[in-house]
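Undergrad: Below are the chains, spelled out letter by letter.
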Amino acid sequence: MLTDLLSLAMGFATLCIVLAMLCCLVRLLVGPSAQDRVLALDTLWMCAMLLILMLGMRFGSLIYFEAALLIALTGFVSTVALAKFLMRGEVIE
Amino acid sequence: MNGLETLPAWAAIIVIGMLVLGGAIVLIGALGLMRLPTFYQRIHGPAITVTLGAGAILIASMVYFTAAQSRLVVHELLITLFIMMTAPVVSMLIMRAAVYRDLRGHKGGFVGEGDVYRQAPDTPEDAAAEK
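Chains U and Z supply the protein sequences, listed in that same order.
Under this note's numbering, the letters of the first sequence match residues 1 to 93, in that order.
Under this note's numbering, the letters of the second sequence match residues 1001 to 1131, in that order.
Keep in mind the hints are simulated off the structure, nothing from the lab.
You may find that some hints are simply not true.
[Stated by the list, open to error] Facing chain U, according to a computed beta carbon distance under 7 Å, are these residues of chain Z, among others:
| # | residue |
| --- | --- |
| 1 | W1010 |
| 2 | L1031 |
| 3 | L1072 |
| 4 | T1080 |
| 5 | T1086 |
| 6 | P1088 |
[To be verified] Facing chain Z, according to a computed beta carbon distance under 8 Å, are these residues of chain U, among others:
| # | residue |
| --- | --- |
| 7 | L2 |
| 8 | L6 |
| 9 | A13 |
| 10 | C23 |
| 11 | C24 |
| 12 | L29 |
| 13 | Q35 |
| 14 | W45 |
| 15 | S78 |
| 16 | V80 |
| 17 | V91 |
Here a beta-carbon is modelled for each residue, glycine too, at the ideal position from N, C-alpha and C.
Input sequences plus hints: build the corresponding full structure.
TA: Quick look at the structure:
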């Protein structure tokens, strides 16, 4: 009973994260300005990290944690670089 | 599906609650990003995705692995700490870039009264034409 419920909850959370990624993709494609696209990309990598965490729980493996940590690190650096580019026109001055 | 059957009831209940909460909040934040009309309203949507939604799912992951492996597994605290430190920095940088880009070329800045998202006219002639 509880096991079925847990499996259902994992499916629900995974579905929610995938739908959230689709929403971000819509904003990434139609976003009227460049900062909208950067914001959508920022939310997209966050959702991708959460999706990998969900996969790790689903398969009961701790290996996925490293991938999630790497995505968090590179996503932060890329968003900062994009914001800097929007503001100054170049990343490294 | 290994570990699901051996999970104790208290851990299963906590994990279920956190997963449902986190999934719903992540979806709500992304819907806000997609649906809200202006950029300055849209930036509020992902804020709850990266704080409450990600936090709930990370807590669910921590409780799940701690109960499934019968030892303390708190690797996820690293991700939590990193996200809590970087989320304000990222959102502040994007906001500053957006304000800078919106104000560039508009010497008067934003209009204070009424619609705060309308941009100020450049010259007195433009202001007169607008009235």
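Undergrad: Give a verdict on every hint.
TA: Going down the list of hints, with the structure as the test:
Using the Cβ-Cβ criterion of 7 Å, the hint placing W1010/Z at the interface with chain U is not satisfied: the shortest such distance is roughly 10 Å. Proximity of L1031/Z to chain U holds as hinted, the smallest CB-CB distance being about 6 Å (cut-off 7 Å). Nearest Cβ of chain U to the Cβ of L1072/Z: about 13 Å, over the 7 Å cut. The hint is violated. The interface hint given for T1080/Z is broken, as the beta carbon of that residue sits about 10 Å from the closest beta carbon of chain U, more than 7 Å.
Given the 7 Å rule on beta carbons, the hint for T1086/Z holds: about 5 Å separates it from the nearest Cβ of chain U. The beta carbon of P1088/Z comes no nearer than 12 Å to any beta carbon in chain U, farther than 7 Å, and the hint placing it at the interface is violated. For L2/U, the suggested interface contact is upheld, since its CB lies about 5 Å from the closest CB of chain Z, less than 8 Å. Using the Cβ-Cβ criterion of 8 Å, the hint placing L6/U at the interface with chain Z is satisfied: the shortest such distance is roughly 5 Å.
Of the supplied interface hints, the one on A13/U holds, with its beta-carbon coming within about 4 Å of a beta-carbon of chain Z, less than 8 Å. Taken as an interface hint, C23/U checks out: its beta carbon lies about 4 Å from the nearest beta carbon of chain Z, inside 8 Å. For the restraint placing C24/U at the interface with chain Z, the shortest Cβ-Cβ distance is roughly 6 Å, inside the 8 Å limit, so the hint holds. For L29/U, the suggested interface contact is broken, since its CB lies about 11 Å from the closest CB of chain Z, more than 8 Å.
Against a cut-off of 8 Å between C-beta atoms, the interface hint on Q35/U holds, since the closest Cβ of chain Z lies about 4 Å away. The restraint placing W45/U at the interface with chain Z is violated, with a minimum CB-CB distance near 10 Å, outside the 8 Å limit. Given hint, S78/U at the interface with chain Z, is violated; its Cβ is 10 Å from that chain's nearest Cβ, farther than 8 Å. Annotation: interface hint on V80/U holds; nearest CB of chain Z at approximately 6 Å, less than 8 Å.
Hint status for V91/U relative to chain Z: violated, with the closest Cβ pair at about 12 Å, above 8 Å.
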